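One letter stands for each residue in the lines below.
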Amino acid sequence: DTGVSQNPRHKITKRGQNVTFRCDPISEHNRLYWYRQTLGQGPEFLTYFQNEAQLEKSRLLSDRFSAERPKGSFSTLEIQRTEQGDSAMYLCASSLVGSGYTFGSGTRLTVV
Amino acid sequence: RKEVEQDPGPFNVPEGATVAFNCTYSNSASQSFFWYRQDCRKEPKLLMSVYSSGNEDGRFTAQLNRASQYISLLIRDSKLSDSATYLCVKTGGTSYGKLTFGQGTILTVHP
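So the sequence lines, in the order shown, correspond to chains A and B. To convert a position in the first sequence, counted from 1, into my numbering, add 62. To convert a position in the second sequence, counted from 1, into my numbering, add 173.
Just so you know, these hints were derived from the structure itself, not from any lab. Just to be clear, a hint being listed does not mean it is correct.
[Unchecked claim] DSSO-like cross-link-like pairs, simulated, lysine-lysine; straight-line CA separation at most 27 Å: (1) B:K252 <-> A:K119; (2) B:K252 <-> B:K218; (3) A:K76 <-> A:K133; (4) A:K76 <-> B:K215; (5) A:K133 <-> B:K271; (6) B:K218 <-> A:K73; (7) B:K218 <-> A:K119; (8) B:K271 <-> B:K175; (9) A:K133 <-> B:K252; (10) A:K119 <-> B:K175; (11) A:K73 <-> B:K252.
[Claimed, not checked] Some, not all, of what chain B presents toward chain A, calculated at C-beta under 10 Å: (12) A202; (13) R239; (14) G275; (15) T281; (16) V282.
Quantities reported herein were computed from a predicted structural model and do not represent experimental measurements. Positions of the beta carbon are idealized from the N, C-alpha and C atoms, including for glycine.
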């Protein structure tokens, strides 16, 4: 296990299309987080899971966004009806409760 | 007001210089504090945790003042490889729960 893996690395989509990103955490990590980062800003929290339970969602996560972690392992983040304002880096991180984070390399989304 | 505020810089310093970054936070219930480093178009990586007693890791010294809700990072003898964005980060409530990031401070070290 070499760390947190995110796919795809880059995604270009037309406005109005749906996109889905995948995150594979470090296998023994029970917490998984999604963040969004736009240019010149720090990462902003979107949501996190402990095992398969989604424990917190940011108000940034509008009804067009949905995240799942069905078996407590990998997670998907779906954005429906993408808008240009959704263009950002989407970062996934995982951790054990009480220990530090490991971030993935991110998925860079461009909505044209 | 943002929960974590940083001066975005940019800071441009020569090699060998000492540079200090500051950060303030709101919500006195915030529990743990960190400095992360982020290279251009890469993911953030933990640089160091920050403790009230102050802590040092080589050329890096971090300090937390809970009374003033203020965090600092000092870099001595700057290297070209220190060029990056430095993110001030806190957690609230459960330790190592949700991280809240500042905007980041851009540092460029030049020859």
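Hints versus structure:
1. B:K252 <-> A:K119: 39 Å, violated
2. B:K252 <-> B:K218: 18 Å, holds
3. A:K76 <-> A:K133: 31 Å, violated
4. A:K76 <-> B:K215: Cα-Cα ~24 Å, so holds.
5. A:K133 <-> B:K271: 21 Å, holds
6. B:K218 <-> A:K73: 23 Å, holds
7. B:K218 <-> A:K119: This hinted pair holds, its Cα atoms lying about 23 Å apart.
8. B:K271 <-> B:K175: Within the cut-off at roughly 15 Å; holds.
9. A:K133 <-> B:K252: 45 Å, violated
10. A:K119 <-> B:K175: 18 Å, holds
11. A:K73 <-> B:K252: 35 Å, violated
12. A202: Hint on A202 of chain B: violated, closest Cβ of chain A at ~16 Å, above 10 Å.
13. R239: 21 Å, violated
14. G275: At about 5 Å, which falls below the 10 Å cut-off, the nearest Cβ of chain A leaves the hint on G275 of chain B intact, so it holds.
15. T281: Interface hint status for T281 of chain B: violated (15 Å vs cutoff 10 Å).
16. V282: 20 Å, violated
Checked against the numbered hints listed earlier, the structure breaks hints 1, 3, 9, 11, 12, 13, 15 and 16; every other hint is satisfied.
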